[in-house]
Amino acid sequence: MNILTLENVRKTYDKHVAVDNVSFNMPKGCVFGMLGPNGAGKTSLIRIITTITRADSGVVLFNGEPLNSNHPSKIGYMPEERGLYKKMKVGDHLLYLARLKGLSKSEANFEIKSWFEKFGIEDWWDKKVEELSKGMQQKIQFISTIVHKPGLLILDEPFSGLDPINTNLIKDEIDELHNNGTSIIFSTHRMEQVEEVCEFIVLINQGKNVLEGSVKDVKNQYKDNLFKLDFDGSFPEELLARTNIISQKENSITVQLQEGEDSNTLLRHLIQHDVHIHSFNEILPTLNEIFIKKVESSNQQNITTPA
Amino acid sequence: MNKLWLIIKREYLTRVKKRSFILATILTPLAFGIFFIVVGFIFSYESGETKRIAINDPGNILNVSKIPNTKTITYSKPDKNLEDLKKDVLEKKYDGVIAIPVISNLYDKKIEVDYFYEKDQLDIESQASVQKSLERFLRNYKIRELQLDKKQLDALDTEISLRTKSVLNEAKDTSKRAAVGAGIGGFMGFIMYMTVFIYGTMVMRSVMEEKVNRIVEVMISSVKPFQLMMGKIIGVGGVGLTQVAIWAILIPLISIGVQLFFGFDAEQMNSEMSGAGTNMDEDELKYMINQFWIEMGTLNWFMIVPLFIIYFIGGYFLYASLFAAVGSAMGDDLGEGQALTIPITIPVILAFYIMIAVLKAPNSNLAVWSSIFPLFSPIIMPSRLAFDPPVWQILLSIAVLIGTSIFAVWLSARIYRVGILMYGKKVTLKELGKWMFYKG
Numbered sequence: 091m092n093i094l095t096l097e098n099v100r101k102t103y104d105k106h107v108a109v110d111n112v113s114f115n116m117p118k119g120c121v122f123g124m125l126g127p128n129g130a131g132k133t134s135l136i137r138i139i140t141t142i143t144r145a146d147s148g149v150v151l152f153n154g155e156p157l158n159s160n161h162p163s164k165i166g167y168m169p170e171e172r173g174l175y176k177k178m179k180v181g182d183h184l185l186y187l188a189r190l191k192g193l194s195k196s197e198a199n200f201e202i203k204s205w206f207e208k209f210g211i212e213d214w215w216d217k218k219v220e221e222l223s224k225g226m227q228q229k230i231q232f233i234s235t236i237v238h239k240p241g242l243l244i245l246d247e248p249f250s251g252l253d254p255i256n257t258n259l260i261k262d263e264i265d266e267l268h269n270n271g272t273s274i275i276f277s278t279h280r281m282e283q284v285e286e287v288c289e290f291i292v293l294i295n296q297g298k299n300v301l302e303g304s305v306k307d308v309k310n311q312y313k314d315n316l317f318k319l320d321f322d323g324s325f326p327e328e329l330l331a332r333t334n335i336i337s338q339k340e341n342s343i344t345v346q347l348q349e350g351e352d353s354n355t356l357l358r359h360l361i362q363h364d365v366h367i368h369s370f371n372e373i374l375p376t377l378n379e380i381f382i383k384k385v386e387s388s389n390q391q392n393i394t395t396p397a
Numbered sequence: 051m052n053k054l055w056l057i058i059k060r061e062y063l064t065r066v067k068k069r070s071f072i073l074a075t076i077l078t079p080l081a082f083g084i085f086f087i088v089v090g091f092i093f094s095y096e097s098g099e100t101k102r103i104a105i106n107d108p109g110n111i112l113n114v115s116k117i118p119n120t121k122t123i124t125y126s127k128p129d130k131n132l133e134d135l136k137k138d139v140l141e142k143k144y145d146g147v148i149a150i151p152v153i154s155n156l157y158d159k160k161i162e163v164d165y166f167y168e169k170d171q172l173d174i175e176s177q178a179s180v181q182k183s184l185e186r187f188l189r190n191y192k193i194r195e196l197q198l199d200k201k202q203l204d205a206l207d208t209e210i211s212l213r214t215k216s217v218l219n220e221a222k223d224t225s226k227r228a229a230v231g232a233g234i235g236g237f238m239g240f241i242m243y244m245t246v247f248i249y250g251t252m253v254m255r256s257v258m259e260e261k262v263n264r265i266v267e268v269m270i271s272s273v274k275p276f277q278l279m280m281g282k283i284i285g286v287g288g289v290g291l292t293q294v295a296i297w298a299i300l301i302p303l304i305s306i307g308v309q310l311f312f313g314f315d316a317e318q319m320n321s322e323m324s325g326a327g328t329n330m331d332e333d334e335l336k337y338m339i340n341q342f343w344i345e346m347g348t349l350n351w352f353m354i355v356p357l358f359i360i361y362f363i364g365g366y367f368l369y370a371s372l373f374a375a376v377g378s379a380m381g382d383d384l385g386e387g388q389a390l391t392i393p394i395t396i397p398v399i400l401a402f403y404i405m406i407a408v409l410k411a412p413n414s415n416l417a418v419w420s421s422i423f424p425l426f427s428p429i430i431m432p433s434r435l436a437f438d439p440p441v442w443q444i445l446l447s448i449a450v451l452i453g454t455s456i457f458a459v460w461l462s463a464r465i466y467r468v469g470i471l472m473y474g475k476k477v478t479l480k481e482l483g484k485w486m487f488y489k490g
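Chains as they are written, first to last, in my numbering: chain B, 91 to 397; chain E, 51 to 490.
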């Protein structure tokens, strides 16, 4: 079951195409990375999903039904550029935002109180937002995003401007929400975060999705058959013909297998030749490498084939 | 609907609870009160000291031993020649000497009288007072010398009071209607003008602040931009009504308080301020005030008050929504966006000046058409209401105003929803025009 399905979604502003025929599926309950360089159209896409704007054409299905005005209350959205009413009291502010998401007064009160307890910030209720530090405000912002228990949580660059302690705190909360079945979209251009937390990714560049799938599949798809070998002894000469040596140190070698070869064959040969193996690892590309490769190649295409 | 109500409530309560609002609401009438007290003191101020003025009248033109004293001048007519009197001035026996020349030609219409002083020049008020006294005595002197009949002369001065009556109702004198109508009309027009500006810019600033501190994107992931905009406009409008209502109660209370405690009333002060009070005796003043209240009573308040509220609401929605649209287009730089407000503020200011002209001629073509043109009508029509404008004009004007307000709200909503998400772009009017045609 997919919580979100996009089919040929397109959005233009004036002459600028912000989202260009994007299609992807987001399975329910997963952590989904929406990647792309700055200005790729991630925020435009998110605004369509959160019903802030409407797509010019294409279909967006939420839980299998076309987006409608009931859906915002099931979505929690923390924009990259976030803010609060500075003069409002923290408690009142959270109540207000929660009630706008459709919670009754008592529900909202209960939920907010329990979050305050959880974060140990009960005494913040009557403080004004402007009295809080930036990190504290981020906490409040996060609570406001999830207080209505959204089925889909959309976080746009959630860790920007967070210190390591708060980053971990929010990460733990995200993990917990994930374990409780919340589907989470993680929009970022910082790949190391994606590898840590995401199961699925979609890569957006210049308004188009250039790559999608599970992190494992994507990595496998883009692997170069590279293996790193630590060993004692000498590398058998006969194997040199069947592999490309990428780099070589005294007792360590990185090789690329040729088409049709697999790692087990290589290992068997090594053992036959009495090479003492300490470690044998496949080198998978990092998402960062894939990202850069894909973005560069799709930009290249756009330059060589002008639209 | 529920969300709209939540927004209205927040927008209203956060403003009404603010200390600055409470202070402004209470202090403004107080400030008015204090202003009137201070003005009252200033105008009733008398320079304590009295001037001693000697009169030298060799031709015995005054024909009296002494001119009556006034509050600030003590006259005396010692039997001395001018040179001695001047010496007396230097010896500080007198502050000054008036030297009345001998009049050779009774038909001279211009006579120069000298006033000699040592160092204290005659202030303007004393000069006027001296001139007036001398003119009166000279008139009597000429009447005597020319052997005219004073009674006949007095009969030449005729006072006309114009009673204006409708042919349909000759029993009623409507002559005070023009003045009272202009007063009431000017007052209502002025209130409209102020509220449009104060609360319109309040909406604009608040929209801009929401955009600048980035709460707006969080908000519109929960509510529609239209709800947010309307909630704000209605909430701020409620603040405006609250404030005006409190003032409507407080200002009369405070002015009554001022009258009781300080023993002078606003009408008297007004007349003193306009300078008319010096010529008007107390009975006449009382009569005027009485007439004013009678005339106020004859106005059709059951029509004026509801119509005023309709124009208030219509005008407020029209302008506040336009201000909201402009606010949404503004960035962090307030100065840059200020240029965008000009197309809105010009009609308001223009309307105010038209109103001043309309008060003088409430049934002129200018008055009729500007009270139907929707950008002007919220200010012009209330100023005409006391003059009983034809019903068809009122109805047409209201219909046009309501239609235009709805259109303005719709138009502004279309600009607003694009503007609040648009950052880092210098916005021109042309750009605003384009936004109207953006799709959802």
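Be aware that a few hints might be false.
As the list claims (entries may be wrong) - Listed next, the stretches of chain B that the computed footprint assigns to chain E, with coverage defined by at least 3 CB atoms under 8 Å from CB atoms of chain E: (1) 163 to 173; (2) 176 to 183; (3) 196 to 204.
What the hints assert, rightly or not - Straight-line C-alpha distance at most 25 Å; calculated DMTMM-like pairs for lysine to aspartate or glutamate: (4) E:K68 to B:D216; (5) E:K67 to B:E155; (6) B:K164 to B:D320; (7) E:K59 to B:E286; (8) E:K274 to B:D213; (9) B:K217 to E:E259; (10) B:K179 to E:E259; (11) E:K67 to B:E212; (12) B:K118 to B:E212; (13) E:K274 to B:E285; (14) E:K484 to B:E197; (15) E:K226 to E:D207; (16) E:K274 to B:D262; (17) E:K59 to B:D265; (18) E:K53 to B:D104; (19) E:K53 to B:D213; (20) E:K68 to B:D104; (21) B:K105 to B:D262; (22) B:K179 to B:E155; (23) E:K67 to B:D110; (24) E:K192 to E:E141; (25) E:K59 to B:E201; (26) E:K59 to B:E221; (27) E:K159 to E:E99; (28) E:K274 to B:D216; (29) E:K67 to B:E171; (30) E:K53 to B:D262; (31) E:K169 to E:E141; (32) B:K105 to E:E481; (33) E:K160 to E:E220; (34) E:K53 to B:D110; (35) E:K484 to B:D213.
In short, the hints are calculated from the structure, not lab data. Positions of the beta carbon are idealized from the N, C-alpha and C atoms, including for glycine.
Hint-by-hint comparison with the structure:
1. 163 to 173: holds (count 8)
2. 176 to 183: With 3 residues close enough to chain E, the hint holds.
3. 196 to 204: violated (count 0)
4. E:K68 to B:D216: holds, 15 Å
5. E:K67 to B:E155: violated, 43 Å
6. B:K164 to B:D320: violated, 52 Å
7. E:K59 to B:E286: Violated - the C-alpha atoms of B:E286 and E:K59 are around 43 Å apart, more than 25 Å.
8. E:K274 to B:D213: violated, 33 Å
9. B:K217 to E:E259: holds, 20 Å
10. B:K179 to E:E259: holds, 17 Å
11. E:K67 to B:E212: Holds, at roughly 24 Å.
12. B:K118 to B:E212: violated, 33 Å
13. E:K274 to B:E285: Violated. E:K274 to B:E285 sits at ~35 Å, over the 25 Å cutoff.
14. E:K484 to B:E197: Violated, at about 43 Å.
15. E:K226 to E:D207: holds, 23 Å
16. E:K274 to B:D262: violated, 32 Å
17. E:K59 to B:D265: Measuring from Cα to Cα gives roughly 36 Å; hence the hint is violated.
18. E:K53 to B:D104: violated, 31 Å
19. E:K53 to B:D213: With a Cα-Cα distance of about 28 Å, the restraint between E:K53 and B:D213 is violated, given a limit of 25 Å.
20. E:K68 to B:D104: Not OK: E:K68 and B:D104 at ~42 Å, beyond 25 Å, violated.
21. B:K105 to B:D262: Roughly 42 Å between the alpha carbons, so the hint for B:K105 and B:D262 is violated.
22. B:K179 to B:E155: violated, 37 Å
23. E:K67 to B:D110: Violated, at roughly 48 Å.
24. E:K192 to E:E141: violated, 35 Å
25. E:K59 to B:E201: holds, 22 Å
26. E:K59 to B:E221: Since the Cα atoms of E:K59 and B:E221 sit roughly 23 Å apart, the hinted pair holds (cutoff 25 Å).
27. E:K159 to E:E99: violated, 33 Å
28. E:K274 to B:D216: Violated, at about 28 Å.
29. E:K67 to B:E171: Outside the cut-off at roughly 28 Å; violated.
30. E:K53 to B:D262: violated, 32 Å
31. E:K169 to E:E141: Holds, because 12 Å separates the two Cα atoms, which is no more than 25 Å.
32. B:K105 to E:E481: Between B:K105 and E:E481 the Cα gap is close to 13 Å, so the pair holds against 25 Å.
33. E:K160 to E:E220: violated, 48 Å
34. E:K53 to B:D110: violated, 33 Å
35. E:K484 to B:D213: violated, 48 Å
Comparing the model with each earlier hint shows violations of hints 3, 5, 6, 7, 8, 12, 13, 14, 16, 17, 18, 19, 20, 21, 22, 23, 24, 27, 28, 29, 30, 33, 34, 35; every other hint is respected.
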